[in-house]
Every structure is written in C-alpha cells, then in structure tokens.
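Read top to bottom, the protein sequences are chains A and B. The first sequence runs 339 to 440 under my numbering. The second sequence runs 4 to 468 under my numbering.
Quick caveat, the hints were computed from the structure, so don't treat them as lab data. The structure presented is a predicted model; accordingly, all values stated were derived computationally and were not measured. There's no promise every hint is true.
Unchecked claim - Taking lysine-lysine pairs in the DSS-like style, the calculated list, with each CA pair at most 27 Å apart, reads:
#, chain 1, residue 1, chain 2, residue 2
1, A, K435, B, K340
2, B, K298, A, K435
3, B, K127, B, K298
4, B, K341, A, K434
5, A, K434, B, K424
6, B, K458, B, K447
7, B, K447, A, K434
8, B, K167, B, K298
9, A, K434, B, K340
10, B, K447, B, K422
11, B, K340, B, K458
12, A, K435, B, K447
13, B, K341, B, K424
14, A, K435, B, K310
15, A, K435, B, K458
16, B, K340, B, K310
17, B, K447, B, K298
18, B, K167, B, K127
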Amino acid sequence: MEIDPLIFRLSIFILSIFVGYYVVWSVTPSLHTPLMSVTNAISSVIIVGAIIAGLSGNSESIFNSSSIFGFLAIALAAINIFGGFLVTQRMLAMYKKKKKDK
Amino acid sequence: MISANLSAIFYLVSGVLFILALRGLSSPETSRQGNLFGILGMIIAITVTFLSIGNFSSGFIFVLIFILIGGSIGAFIAYRIPMTAMPELVAGFHSLVGLAAVFVAISAFLNPEAFNLGTPGNIKLGSLIEMSIGAAVGAITFSGSIIAFLKLQGIMSGSPITFKGQHPLNAIILISIIVLTYLLCSTQSSNLFWILLFVSFLIGFLLIIPIGGADMPVVISMLNSYSGWAAAGIGFTLENTALIITGALVGSSGAILSYIMCKGMNRSFFNVILGGFGATEDTSNKSSKEQRPVKSGNADDAAFLMKNASSVIIVPGYGMAVAQAQHALREMVDTLKKNDIKVSYAIHPVAGRMPGHMNVLLAEANVPYDEVFELEEINNDFANADVAFVIGANDVTNPVAKTDPQSPIYGMPVLDVEKCKSVLFVKRSLSPGYAGIDNDLFYKENTLMLFADAKKMTEEITKNL
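Using the sequences and the hints, build the whole thing.
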C-alpha cells in the first residue's frame, strides 16, 4: 500500500517545528527583535502561492476574481519581504562590539 | 519549465536557508550573514515558482509590477521607520502576512484548478480543510495585529477594553469557527467560506482588545506565531515544502518568544490572553500609601552621585523609548566612562513593548552589545554597584515582587535595583506603572527621584558631570 503524500508533508512539518524549537532557543535574547522581523520576512514566502494565484488567469483575461486576490497578495507579501529583510539588515548593522581603542 | 521534482528540491533548499537565517541570530557576528541566507532563500523560492509555472504571458508582467509596488513600499518603510517604532512595524507586518494568507486562500477557493486542488464546488477534502485552517488563522492574525498596531501607535487606548460576557462570547465564536469549517468541508458552499472568514476576523479583533499595553510583548510574539501557522496551513494546501518549513519555524519561534515573555512576567499564557490585567486592581489600599515621603533631587545631585561612583548600572524601560532618550543616555555614559566609571546596562526580558526592544534601541545609540546584560547575567552585580540609574522602567524593579505574596506581580523576576548603594529613578511622576501598584523603591532611603522627562534629565546630568 502506498503512503499518502500528506504524511510526508506532515513529517516535514513536525520535524521543522522541532528544528525551529532548538534553533530559536539558541537565539541570543538581545536579538529577539531582529528575530521577529526576519521571521516576518521569511513567512512571506507565501508569495509563491500568491504568484501561482496571480498567474491563474488565461491570456484573454489576466484579471479574474481569483487572480486579483493573487495580485493583491503578491503586493502585500512583497511589502513584507523587502521591508522585513531590509529593516533586519538595518538593525543588525547597529550591533557593534566594544571598540578596543578608547 | 522545470519538473515538479526539481522545483520541490529547490523549495527544500530555500527552507534550509531559512533555518540558517534563524541560526545566524545566535550571535550578532553571524547574524548579518544569516540575513543574507534568508534573502537568498527567498530569491530561490520566487525564481523556482516562476520557472515551474513556465507561463511568461502578459500576466507575468503584472506579477513583476505588483512585486515592484509592494517592494518599494516595503523598502521605503524599512529605511524611514525610527527604531522606537519597531513594535508597531512588526505588528503591522504581521497583519500583512495574515491578510496575504487570506487572499491566497480565497484565490485558491475561487479557482482551485490553478492549484490542482479539484474544481469549484468539488475541492479535495484534505485541501479544503488545510485551506480553511490557513484562511481562518490568517484572518485572526490580520485583525489581531491591526488592533495590536493601533494600541501600540496610541490611536487606540492601551488600556484593556473589557465587557460583560466577553469570555463566553469568544468561546461561542471559536466553537462556531470549528462548526463552520466542518460544514464548509461537507457542503463546499462558498457562502460558508465567507462567513468563516468574517467570523475569524471578528475573533481576532475580540481576542486582542482586552489585552493591555504592557502585555504587548506577549501579544506580538503570539501573533508572530499565528502568522507562521497560517503560512504552514497554506503550505499544506499548495503542497509547498518551503512554505511548510517556514511556517513551522515561524510558528515555533513565536511560541517560544511568547513563553519567554510570559515567564518574564510570571504569568501564564492564558492569564495574559484572557486579559484585563490591572483593570481588576482595587484602588482602595493605594491612596494611603501615596502620602509616604520621597526624596527628590535635580540633575546636579544626580551628577554628583554618579561622579563619585566607581560603577553604574543603567536600567532602561519603555519610558526611555517614549522619550527617545537612548542617544542622550549614551552621551551621558560616554562622559561617565571618561571619568573611569564602569557602566553596564541591565535589561529585563519584558522591558519595552516587544522582545529585545531595549537592545535594539541601545544598539541604535551605538552602545556596544557586550555592555548590555540580561537579567540573570547581571542581577548579582547590583549589590556591588554604587549607582543604579533607572530610566523609564518601573514594575520590573519593584521589590514587592519578592516580598509581598499579596501583590499581583508577586513572583515576577525583578532586577535587584534596591541592593545598589544608591538608586536614581528618572520618572515624570510618582504614578504607578502598568501593573497599577506602587513601587516600594520610590520610598527607600537610598532612592533619589528625578522628576523630569527622561531625555531632558539625561542631557542635564551630562552637562553637570
């Protein structure tokens, strides 16, 4: 008997939760704000679904009720991707060590 | 067009890159590289999506246009936002992830063929369940984050909004979401889908309004977690590994942060979520205490005390963020260091409005991160320090948490500020903090209250040093 592919996805999901658990506990508390902004950015990988939705129209009608929602989702996710990664970059650039020459 | 197997492998690669992005945050040195891994993972995921659809028709142009529009808005915000507004920004971003998840779910519901999920009115059962979960959680994330955003911006009052029958109402709505999901899956009716979305928006709104301003660190972390679960739900619908991995990572990350924040306040998660902290406080026993004498001083006294100290510990709190005093504070510390005074910073886990809020502000003011310490690292040092400089913090220094079992904050880990030889407390008035209780520290023999705006006071002290 064949195993339902859903089981494989479920396995990936559960294992990723554990990976996330251990990885996030090792994040230093001083970087918890960048952690939130970067998780924000990466969860916007939902844009891949939005792109599929946006391109679901055919050549005669690019815009149908389904693809319009897709395009809107693309814009929202793009705000998050660019905003999230850039603001994280900006924050992380500020974390500096003590200068030795004083 | 690339094969489904090849694109699945690339999605896995981008999932792994996202794990490395979070892994990088274990230390500031590796964090910048980690962020680049994250960006790379995102580029791979988007490129592979284009290649796997392989349809470079006119629709493709519109995808690029919308990415460009969203991207420039995002980039603009990222460069312009002041660091003090980071909690609002993160709450705002969460709402966008939630709404994007809702839109993708709607799109998939209206046109399931595009996603290989069946035909309208005859969507595969498993996909429909996943889609409903993704859409419902996304909607809750959206409306909840909007409320959190409004509260943090001060557009909506930060105090808890409670009304009679709140909890039963929420319980009924939550049950109705489950019932609606069940009915939706058995009937495939689009009306039920819209009702489900509406009810989910409503519960997100109702869940967050009773939660007060200082509990925002928990709320933001929780919504962070929700945005991850929403993404994972959509990931199952789209059978996309990158999205499933990311959703799980973000979901557990937010959950851990909520746990850390709750522990920092010695409150259970449910206690925070059920809300109304501070509102239930009886005010009768407070008025008698307010007559107690306090010693207050000016910038000159403070400068004198600090000049004669050999070590100073700074305790920043949300008030520092409100007054934008971090740069003035750093200048004061620079002057102290020139006089060979040892300075370190003590950060309470729930100081500010989001996890790590104070650390970012200090980093912005060019404070080296190796001078900044967490509660457990520094708490024993207060006994050996000469001066504690409390700027904008209150409840997290209250010794009552250790001594009075009757107090609502009893058992909460606090900074042992009172063990210092002298305490300087910058505050605008004697008013109690968020927990609604008096801070015993105000009335201690060795406490000097500095009644002023945090930024102005700090600047004046620097002048007097």
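Against the structure, the hints:
| no. | hint | in the structure |
| --- | --- | --- |
| 1 | A:K435 <-> B:K340 | 16 Å, holds |
| 2 | B:K298 <-> A:K435 | 38 Å, violated |
| 3 | B:K127 <-> B:K298 | 72 Å, violated |
| 4 | B:K341 <-> A:K434 | 20 Å, holds |
| 5 | A:K434 <-> B:K424 | 31 Å, violated |
| 6 | B:K458 <-> B:K447 | 24 Å, holds |
| 7 | B:K447 <-> A:K434 | 37 Å, violated |
| 8 | B:K167 <-> B:K298 | 43 Å, violated |
| 9 | A:K434 <-> B:K340 | 18 Å, holds |
| 10 | B:K447 <-> B:K422 | 11 Å, holds |
| 11 | B:K340 <-> B:K458 | 19 Å, holds |
| 12 | A:K435 <-> B:K447 | 36 Å, violated |
| 13 | B:K341 <-> B:K424 | 22 Å, holds |
| 14 | A:K435 <-> B:K310 | 25 Å, holds |
| 15 | A:K435 <-> B:K458 | 25 Å, holds |
| 16 | B:K340 <-> B:K310 | 10 Å, holds |
| 17 | B:K447 <-> B:K298 | 9 Å, holds |
| 18 | B:K167 <-> B:K127 | 42 Å, violated |
When held up to the earlier numbered hints, the structure conflicts with 2, 3, 5, 7, 8, 12, 18 and fits the remainder.
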